[in-house]
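A.B. asks: Hey, can you work out the whole structure from these sequences and the hints?
Quick mapping for you: the protein sequence lines, in order, are chains A and B.
Under our numbering, the first residue of the first sequence is numbered 1, with each subsequent residue one higher.
Under our numbering, the first residue of the second sequence is numbered 1, with each subsequent residue one higher.
Derived by calculation from the structure, the hints in this document are not laboratory data.
Just so we're clear, the structure is a prediction, and the values are computed from it rather than from any experiment.
Cβ atoms here follow ideal geometry from the backbone N, Cα and C, with glycine treated the same way.
Accuracy of the hints is not assured; some may be wrong.
What the hints assert, rightly or not - Which bits of chain B does chain A cover? Going by a derived footprint, with three or more residues having C-beta under 8 Å, they are:
(1) 321-329
(2) 360-368
Said to hold, decoys possible - DEER-style ranges, computed between Cβ atoms:
(3) B:365 <-> A:328: 42 to 48 Å
(4) A:140 <-> B:95: 22 to 28 Å
(5) B:294 <-> A:130: 57 to 63 Å
(6) A:276 <-> B:312: 53 to 59 Å
(7) B:270 <-> A:346: 35 to 41 Å
(8) A:346 <-> B:224: 46 to 52 Å
(9) A:320 <-> B:73: 36 to 42 Å
(10) A:324 <-> B:266: 48 to 54 Å
(11) A:140 <-> B:350: 57 to 63 Å
(12) A:130 <-> B:133: 55 to 61 Å
(13) B:80 <-> A:324: 50 to 56 Å
(14) B:350 <-> A:16: 20 to 26 Å
(15) B:255 <-> A:238: 30 to 36 Å
To be verified - Straight line, CA to CA, 30 Å or less: simulated DSS-like cross-link-like pairs of lysine-lysine:
(16) B:247 <-> B:201
(17) B:201 <-> B:187
(18) A:82 <-> B:345
(19) A:182 <-> A:167
(20) A:82 <-> B:371
(21) A:266 <-> A:182
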Amino acid sequence: MRLEPIANPSALRRFGLPALALIATVIAASLLALIAGANPFATLGLILEGAAGSRFALLETLNRATPLIFTGLAVAVAFRAKLWNIGAEAQLYAGAIVTVVFGVTSWGVAWLQLPVVAAIAVAAGALVLLGPVILKTRFGVDEVVTTLLLNFVMLLFVSYLVEGPMKDPAGMGWPKSVPVAKDLRLPRLIEGLRLHWGFGLALIAAVLVWLIETRTVLGYRMRAVGQNPQAARFAGIPVNRVLVQTALISGGLAALAGFSEVAGLKGHLSRDLSPGFGYTGIIVAMLALLNPLGVILSALFVAGVFVGADSMSRAAGVPTYIADILLALSLLFMVLAISLTHRRVVWR
Amino acid sequence: MSPTEVLRLDRISKRFGALLANDDLSLALRAGEVVALLGENGAGKTTLMNVLFGQYVADGGTITAFGQPLPPGNPRAALAAGIGMVHQHFTLADHLTVLENILLGTRSLWSPSLDLGAARVRVVQLADQFGLAVDPGARVGSLSVGERQRVEILKALYRDARILILDEPTAVLTPQEADALFATLRKMVADGLSIIFISHKLHEVMAIADRCLVLRHGKMVGDVATAATSPDALAAMMVGGEVHRPKVAAGVAGPALMRLEAVTTPDREGAPGLKAASLSLHAGQITGIAGVSGNGQAALSDILSGLAAPASGRLMLGEAPAPARWTPAGALSAGVGRIPEDRHKTGTIADFTLTENAVLETHARAPFSRKGWMDWRAAADHASAIIAKYDVRCPGPEARIRLLSGGNMQKLILGRVLEAAPGVILANQPVRGLDIGAIAYVHGQLLAARDRGAAVLLISEDLDEVMQLSDVIHVMSEGRLTPPLPRGAATMAELGLWMAGEGFDHAA
Numbered sequence: 001m002r003l004e005p006i007a008n009p010s011a012l013r014r015f016g017l018p019a020l021a022l023i024a025t026v027i028a029a030s031l032l033a034l035i036a037g038a039n040p041f042a043t044l045g046l047i048l049e050g051a052a053g054s055r056f057a058l059l060e061t062l063n064r065a066t067p068l069i070f071t072g073l074a075v076a077v078a079f080r081a082k083l084w085n086i087g088a089e090a091q092l093y094a095g096a097i098v099t100v101v102f103g104v105t106s107w108g109v110a111w112l113q114l115p116v117v118a119a120i121a122v123a124a125g126a127l128v129l130l131g132p133v134i135l136k137t138r139f140g141v142d143e144v145v146t147t148l149l150l151n152f153v154m155l156l157f158v159s160y161l162v163e164g165p166m167k168d169p170a171g172m173g174w175p176k177s178v179p180v181a182k183d184l185r186l187p188r189l190i191e192g193l194r195l196h197w198g199f200g201l202a203l204i205a206a207v208l209v210w211l212i213e214t215r216t217v218l219g220y221r222m223r224a225v226g227q228n229p230q231a232a233r234f235a236g237i238p239v240n241r242v243l244v245q246t247a248l249i250s251g252g253l254a255a256l257a258g259f260s261e262v263a264g265l266k267g268h269l270s271r272d273l274s275p276g277f278g279y280t281g282i283i284v285a286m287l288a289l290l291n292p293l294g295v296i297l298s299a300l301f302v303a304g305v306f307v308g309a310d311s312m313s314r315a316a317g318v319p320t321y322i323a324d325i326l327l328a329l330s331l332l333f334m335v336l337a338i339s340l341t342h343r344r345v346v347w348r
Numbered sequence: 001m002s003p004t005e006v007l008r009l010d011r012i013s014k015r016f017g018a019l020l021a022n023d024d025l026s027l028a029l030r031a032g033e034v035v036a037l038l039g040e041n042g043a044g045k046t047t048l049m050n051v052l053f054g055q056y057v058a059d060g061g062t063i064t065a066f067g068q069p070l071p072p073g074n075p076r077a078a079l080a081a082g083i084g085m086v087h088q089h090f091t092l093a094d095h096l097t098v099l100e101n102i103l104l105g106t107r108s109l110w111s112p113s114l115d116l117g118a119a120r121v122r123v124v125q126l127a128d129q130f131g132l133a134v135d136p137g138a139r140v141g142s143l144s145v146g147e148r149q150r151v152e153i154l155k156a157l158y159r160d161a162r163i164l165i166l167d168e169p170t171a172v173l174t175p176q177e178a179d180a181l182f183a184t185l186r187k188m189v190a191d192g193l194s195i196i197f198i199s200h201k202l203h204e205v206m207a208i209a210d211r212c213l214v215l216r217h218g219k220m221v222g223d224v225a226t227a228a229t230s231p232d233a234l235a236a237m238m239v240g241g242e243v244h245r246p247k248v249a250a251g252v253a254g255p256a257l258m259r260l261e262a263v264t265t266p267d268r269e270g271a272p273g274l275k276a277a278s279l280s281l282h283a284g285q286i287t288g289i290a291g292v293s294g295n296g297q298a299a300l301s302d303i304l305s306g307l308a309a310p311a312s313g314r315l316m317l318g319e320a321p322a323p324a325r326w327t328p329a330g331a332l333s334a335g336v337g338r339i340p341e342d343r344h345k346t347g348t349i350a351d352f353t354l355t356e357n358a359v360l361e362t363h364a365r366a367p368f369s370r371k372g373w374m375d376w377r378a379a380a381d382h383a384s385a386i387i388a389k390y391d392v393r394c395p396g397p398e399a400r401i402r403l404l405s406g407g408n409m410q411k412l413i414l415g416r417v418l419e420a421a422p423g424v425i426l427a428n429q430p431v432r433g434l435d436i437g438a439i440a441y442v443h444g445q446l447l448a449a450r451d452r453g454a455a456v457l458l459i460s461e462d463l464d465e466v467m468q469l470s471d472v473i474h475v476m477s478e479g480r481l482t483p484p485l486p487r488g489a490a491t492m493a494e495l496g497l498w499m500a501g502e503g504f505d506h507a508a
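C.D. replies: Here it is in structure tokens:
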């Protein structure tokens, strides 16, 4: 068996295969439910109901999707330029830390403090990714390793902060930071609904990233550098500068996830602020084929699976980690589908 | 089967998707015969040889070697039947010796000793018999390209090959090395071996082959005795019609637009850098660089492209020195148009559309972008204009460029370069891999640019091409450049001596 490339895949191939991947995911999930001793249809139904079956469920999914849109965009932008940013988790926490640092005391002008703190968060996240990128462009250090390891460094730093200098004296001993001021709480997107402005911000960010990628010189250069750095360099594109610019955007987007979680939802910094949003962002971006608008949909899907699995688990007794398995399978099937879009299998 | 017939390919067909690469091809080879296999790129020569050698399985047809049918899809069977192949890109292990390379794959994994002594005797004897001078104990990594080719041939002979396939064997040789190869081939033929010689250099084919087989679009369109044909007739058979080569008149030299003054650059990745190379590119002239590939052409090309700056010596643009930070963007704004050696890896971005590729070098300028925003309509218009003016055959400006043939890709690059009205044009291997029609087109465009007053630097490993187009020739060897030789001042043999590195000590 071997693979032969297809020059120009048909529409059926391009849309049918991803659809097939989704179906395969559902079938595999059903089998898992069977193994766990539950009725597969009931299980899937419960996941669906838990994710979108009620107003509360839907809002929970949208809230959960918000940080995933930011980290998904961060990964999508970087991967587009073949900058392998595995450190969205670290950049998220960098954004969360400065949000608390600059948010504990009110400045008295809420309309100014929120955007300024958001901007500082973006700068902090950008800075965290800047180091690995400079190491890459100057010394050829693999950014996969550096960005990945920075995640652990940052998480330990957060542990130190919430146990030490930033620890909330009123926190009953829990390792969490002092809460941010009321001025720094993101308002509700729609009055009366438990959905904060972070979601709106995420949608705006997705559209902006899409505009950058398709309409601007920078976006064109990012794609050129990602697809063929040798040709890009020959054509006079400053490859290293483009990589640094990409890193600033990517790190900044991931930091906004941290800002939005603190200012919109939690109100303080803790070690469990992110249950791996930075890593899940990679799944979100890959499922979206790195398309910034597609990131919105795939983030909703991933968030729905998590939220739905949580609620299903309570009702059906199937463990929640079925959500992780389901996502992993969906990613595997999707990657396979993408690979087979441009290749055909030849048996001989 | 006649008594002297050693190989018969009968009605071979091979299809790749919609492309019929080999269409009902038949071929017979007699003992002691040199058959040339001619055809343009994509005519099906390589496919046919890969079928013969067992790399591909034919969709139809049979192969008979020395009266025995050859099982399809089995390179070992082809080797065992006495068929040897010398590939264009050598398949040797650099860190092993010549002898070890020759023995590679001939011994069982379990045999207790290599018995190098007997093998060495046999290799030396074969080398003597066929004039393949090479030291069996030398490491292959230290050998010249010509010597490596001899090792490849010895490898086939050591395995008792009676039929030898040579794929474009002279592409990497100086004219003198090619003559030596031909002498070897004649000795082999006299010994009763048979040779299939794949080439597109017609004068070589006329010199060595007894018979010429011509392929076009997968079909056999000619089978003629060499004595009964001419290069022009063969070329016409290859393209299926008359060949119109551009008429080359001498250029009128203007002022020097770019000069290299004793430029030296560091060696890198086994390729020599420039060694005190001096060169003057004049308006209205094509300056040709002749030489075997890998002798510093890449370094010279990098200097003109802006990818590298001189380590010592000076690069002059007109009368002023080039900026100290010499970059590709700087070269472009200084009016240097660049046609890179590798159009797939350096010249274009495969998954970008024609539009996106057309503005690769100019996207940061109006009208293609303003204040950081791309104007895709202007870019598409530009691409459409190039497509129309340079006859780029494609589905449209929004098609991905990877779908284009090499010739059409090169036409887009040519259009991108020429539309920027460059004063200096670097053309590095501009027609490599193109068919005859596309070659004539690219040459015609370069000549037209020269006549409009551009200074053209033509780098090519095809000596015929360099001699045909150039007003001035420099020969390049191990990073050194000869003084300029005006058109007609040197014969091919003299250029060949320079290419082999002779005479430089006096010149430097």
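A.B. asks: Hint by hint, note whether the structure agrees.
C.D. replies: So, going through the hints one by one against the coordinates:
1. Coverage of the stretch 321-329 of chain B by chain A holds in this model, with 3 residues showing a Cβ closer than 8 Å to a Cβ of that chain against a need of three.
2. A count of 4 residues in the stretch 360-368 of chain B with a Cβ less than 8 Å from any Cβ of chain A is obtained; the coverage claim is therefore met, three being the minimum.
3. Checked against the hint of 42 to 48 Å, the pair residue 365 of chain B and residue 328 of chain A passes, with Cβ atoms roughly 47 Å apart.
4. Evaluation of the 22 to 28 Å hint for residue 140 of chain A and residue 95 of chain B yields a pass: the beta carbon distance comes to about 25 Å.
5. One distance hint, 57 to 63 Å for the beta-carbon pair residue 294 of chain B and residue 130 of chain A, is violated here, with the actual separation near 40 Å.
6. Under the hint 53 to 59 Å, the C-beta atoms of residue 276 of chain A and residue 312 of chain B, about 55 Å apart, fit the expected range.
7. Judged by the Cβ atoms, the range 35 to 41 Å given for residue 270 of chain B and residue 346 of chain A holds: they are separated by roughly 37 Å.
8. About 38 Å separates the C-beta atoms of residue 346 of chain A and residue 224 of chain B, a value inconsistent with the hinted range of 46 to 52 Å.
9. Evaluation of the 36 to 42 Å hint for residue 320 of chain A and residue 73 of chain B yields a failure: the beta carbon distance comes to about 52 Å.
10. About 52 Å separates the C-beta atoms of residue 324 of chain A and residue 266 of chain B, a value consistent with the hinted range of 48 to 54 Å.
11. Taken as a hint, the range 57 to 63 Å is violated for the pair residue 140 of chain A and residue 350 of chain B, whose Cβ atoms sit roughly 24 Å apart.
12. Range check, residue 130 of chain A to residue 133 of chain B: about 59 Å between beta-carbon atoms, so the 55 to 61 Å window is met.
13. Residue 80 of chain B and residue 324 of chain A have their C-beta atoms about 55 Å apart, which keeps the hinted 50 to 56 Å range intact.
14. The beta-carbon spacing between residue 350 of chain B and residue 16 of chain A, approximately 24 Å, falls within the hinted interval of 20 to 26 Å.
15. Between residue 255 of chain B and residue 238 of chain A the beta carbons are some 32 Å apart, a value that agrees with the proposed interval 30 to 36 Å.
16. Our distance criterion of 30 Å between C-alpha atoms is met by residue 247 of chain B and residue 201 of chain B, whose separation comes to about 19 Å.
17. Distance check on the hinted pair: residue 201 of chain B and residue 187 of chain B sit about 22 Å apart at the alpha-carbon level, within 30 Å; holds.
18. Between the alpha carbons of residue 82 of chain A and residue 345 of chain B the distance comes to roughly 16 Å, so the proposed pair stays at or under 30 Å and holds.
19. Distance restraint check for residue 182 of chain A and residue 167 of chain A: the Cα-Cα separation of roughly 18 Å lies within the 30 Å cut-off, and the hinted pair is therefore satisfied.
20. With a C-alpha separation of about 25 Å, the suggested pair residue 82 of chain A and residue 371 of chain B falls inside the 30 Å cut-off, and the hint holds.
21. Restraint check for residue 266 of chain A and residue 182 of chain A: satisfied, since their Cα atoms lie roughly 12 Å apart, inside the 30 Å limit.
Hint violations for this structure: numbers 5, 8, 9 and 11, all remaining hints satisfied.
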